[in-house]
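K.L.:
What follows is the residue order along each chain.
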Amino acid sequence: MQHEYQDILVSDVSSGVLTITLNRPEAYNALRTQLLSEIASVLQQVTHDDAVRAVVVTGSEKVFAAGADIKEMAALDTVGVLNDPRVLHWRTIAQFPKPLIAAVNGFALGGGCELVMHADIVIAGDNAQFGQPEINLGIIPGAGGTQRLLRTVGKSMAMQLVLSGEFISAQQARDFGLISEVTIPERTLERATALARKIATKPPIAVRQAKEVLLKAYDTTLESGLTLERKAFTLLAATEDRNEGIAAFMEKRKPNFTGK
Amino acid sequence: MAYETIEFAITDGVAVLTLNRPDRMNSFNTQMHAEVRDALKQVKKSDEARCLLITGNGRGFCAGQDLSDRNVAPGAEMPNLGESIEQNYNPLIRSLQALEMPVICAVNGVAAGAGANIAFACDIVLAARSASFIQAFCKIGLVPDSGGTWTLPRLVGHARATALTMLGDKISAEQAMAWGMIWKCVDDEALQAEAQSMARHLATQPTKGLAFIKRALQASWNNSFDEQLDLERDLQTLAGRTEDYREGVSAFMDKRQPTFKGK
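Quick note, the sequences are listed as chains S and F, same order. Its first residue numbered 1, the first sequence is counted upward by one per residue in the numbering used here. Its first residue numbered 1, the second sequence is counted upward by one per residue in the numbering used here.
Derived from the structure by calculation, the hints contain no laboratory data. You may find that some hints are simply not true.
Unchecked claim - The following residues of chain F were derived to be distant from chain S, with all beta-carbon distances above 12 angstroms:
#1 ALA9
#2 ARG24
#3 VAL143
#4 ASP169
#5 LYS184
Unchecked claim - Below, in silico cross-link-like pairs of lysine-lysine (BS3-like), each with a Cα-Cα straight-line distance of 25 angstroms or less:
#6 LYS41/F x LYS62/S
#7 LYS44/F x LYS62/S
#8 LYS211/S x LYS260/S
#9 LYS198/S x LYS211/S
#10 LYS214/F x LYS62/S
#11 LYS231/S x LYS216/S
#12 LYS214/F x LYS44/F
#13 LYS254/S x LYS202/S
#14 LYS62/S x LYS263/F
#15 LYS254/S x LYS198/S
#16 LYS45/F x LYS62/S
Backbone N, C-alpha and C define an ideal beta-carbon position, used for all residues, glycine too.
Whole structure, please, built from the sequences with the hints as guidance.
P.N.:
Here it is, written out as structure tokens:
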């Protein structure tokens with residue numbers, strides 16, 4: 001990637017996977033506007049880059065992201081919050097059509113936890129802690145924390161986290177379905193990358209359709225969701241990769257997907 | 001911090017923490033908790049320490065909580081024991097378990113109540129033949145704490161753990177060894193020398209590898225077999241990247257004694 005970033009590191013694409021590393025160690029990777037805009041900008045760029053099949057987002061071995069930038073937030077009045085460009089950056093991240101995998105070690109709090117919930121799959125180190133401590137500052141989560149959390153972990157745990165500001169461990173987060181795997185911190189990124197690489201070998205149109213209909217399940221009725229699933233399923237019947245996938249299976253060979 | 005209720009020193013890679021309230025059977029009061037906490041922090045920070053040895057001065061190892069610290073006068077407000085556990089005992093047990101080096105306990109005499117369970121939270125327990133272990137909690141209406149109800153069933157099985165904790169019988173060091181509650185019981189006069197020599201040996205071993213072993217064994221209590229296989233793979237990956245592994249293999253090939261650095 002040609003760009004120089006202030007707040008993140010962006011890897012070269014390797015085996016179809018691009019890695020974004022949050023890199024503000026002096027601020028525990030607090031998600032200031034600059035950082036969010038950089039993530040959004042990278043995702044926007046790679047949306048149309050066929051070489052990128054999946055993106056991994058990670059922090060350091062000690063901290064994923066400890067929240068929003070409080071100083072920056074304190075400077076905003078109501079009108080300022082209304083015009084906050086961060087909303088657009090979050091939307092860009094939410095609408096990224098390719099798989100986004102988070103590798104989380106240490107604290108994922110506030111905006112950090114919300115970024116985790118924007119990811120499609122989350123792998124966490126056993127030192128990870130998740131929480132929405134906004135309530136302690138007299139505010140509430142503002143990037144989907146109340147909505148995605150409720151849909152993911154259910155009402156009681158979502159209320160507990162949001163109203164009390166308490167943190168949960170990686171094990172608890174897995175028990176509640178917030179994340180899918182717990183590993184040792186030294187291997188979190190490796191595992192997330194391996195998973196991303198595996199997904200990168202799958203037919204990209206099918207992956208994209210699957211992600212889209214899965215996410216639609218959050219805000220449609222089952223009946224509409226099933227209809228959408230059927231449409232996507234039908235659509236895939238027109239792709240070369242589907243024919244290749246089925247042919248390779250019948251012929252007991254490895255498929256060669258082209259993304260068409 | 002100048003210590004009054006413990007002795008503490010790091011020599012030749014071995015950190016020795018000696019509980020030192022012999023007139024009170026080394027029972028814990030708030031000051032001793034603070035001093036132990038401080039000493040453990042130093043062990044953790046130290047570049048030199050590669051093994052921790054815990055023992056007691058006098059005839060007892062540790063009688064648990066100093067009951068004279070507890071206000072139980074009629075009419076007085078009931079003490080909040082949970083708070084003391086949250087502030088003192090649980091952090092102590094957690095830091096012993098989290099310490100990334102072997103922790104040896106030399107039980108020189110009676111280990112009662114939390115004193116017994118602190119010993120069981122260490123990695124290798126040696127005991128003097130005259131030492132004993134008592135889950136004394138039931139005798140004063142309490143529940144074993146400091147991990148006792150978790151550790152004991154795993155060490156000796158449910159039936160023995162239940163009787164031990166409900167009857168509060170004194171178990172001799174020999175019995176404790178026979179039941180697998182501790183590693184070994186030795187003659188009284190040999191205890192400190194044997195514990196020291198074990199600690200000195202461990203301090204020359206591949207510390208990271210030992211810390212990974214400790215982590216894997218601890219995790220095994222909570223993991224499924226599949227999860228444990230994955231964890232072994234991951235920890236072995238890390239162990240395979242240590243300098244000590246390289247040294248170990250090369251010393252083996254060269255037929256010489258390895259020199260481990262704990263890295």
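K.L.:
Each hint needs a verdict: does it hold in this structure or not?
P.N.:
Tested hints:
1. Non-interface status of ALA9/F relative to chain S is upheld: no Cβ of that chain comes within 12 angstroms, the nearest being about 31 angstroms off.
2. Here ARG24/F stays apart from chain S, with its beta-carbon at least about 37 angstroms from theirs, past the 12 angstroms limit.
3. Its beta-carbon lying about 24 angstroms from the closest one in chain S, VAL143/F satisfies the requirement of being farther than 12 angstroms from that chain.
4. For ASP169/F, the shortest C-beta to C-beta distance to chain S comes to about 36 angstroms, beyond the 12 angstroms cut-off, and the non-interface label holds.
5. The beta carbon of LYS184/F sits about 31 angstroms from the closest Cβ of chain S, which is more than 12 angstroms, so the claim that it is off the interface holds.
6. For the given pair, LYS41/F sits about 19 angstroms from LYS62/S by alpha-carbon distance, which is consistent with the 25 angstroms threshold.
7. With a C-alpha separation of about 17 angstroms, the suggested pair LYS44/F and LYS62/S falls inside the 25 angstroms cut-off, and the hint holds.
8. For the suggested pair LYS211/S and LYS260/S, the alpha carbons sit about 17 angstroms apart, so the restraint of at most 25 angstroms is met.
9. Restraint check for LYS198/S and LYS211/S: satisfied, since their Cα atoms lie roughly 15 angstroms apart, inside the 25 angstroms limit.
10. Distance check on the hinted pair: LYS214/F and LYS62/S sit about 21 angstroms apart at the alpha-carbon level, within 25 angstroms; holds.
11. In summary, the hint linking LYS231/S to LYS216/S is supported, as the alpha carbons are separated by about 13 angstroms, within the 25 angstroms threshold.
12. Note on LYS214/F and LYS44/F: the hinted pairing holds, with a Cα-Cα distance of about 15 angstroms set against a maximum of 25 angstroms.
13. As the CA atoms of LYS254/S and LYS202/S are separated by approximately 11 angstroms, the hinted pair is consistent with the 25 angstroms bound.
14. Taking the CA atoms of LYS62/S and LYS263/F, the gap is near 20 angstroms; set against the 25 angstroms cutoff, the hint holds.
15. Of the pairs offered as hints, the one joining LYS254/S and LYS198/S holds, with about 14 angstroms between alpha carbons and a cut-off of 25 angstroms not exceeded.
16. For the given pair, LYS45/F sits about 17 angstroms from LYS62/S by alpha-carbon distance, which is consistent with the 25 angstroms threshold.
Of the numbered hints listed earlier, not one is contradicted by the structure.
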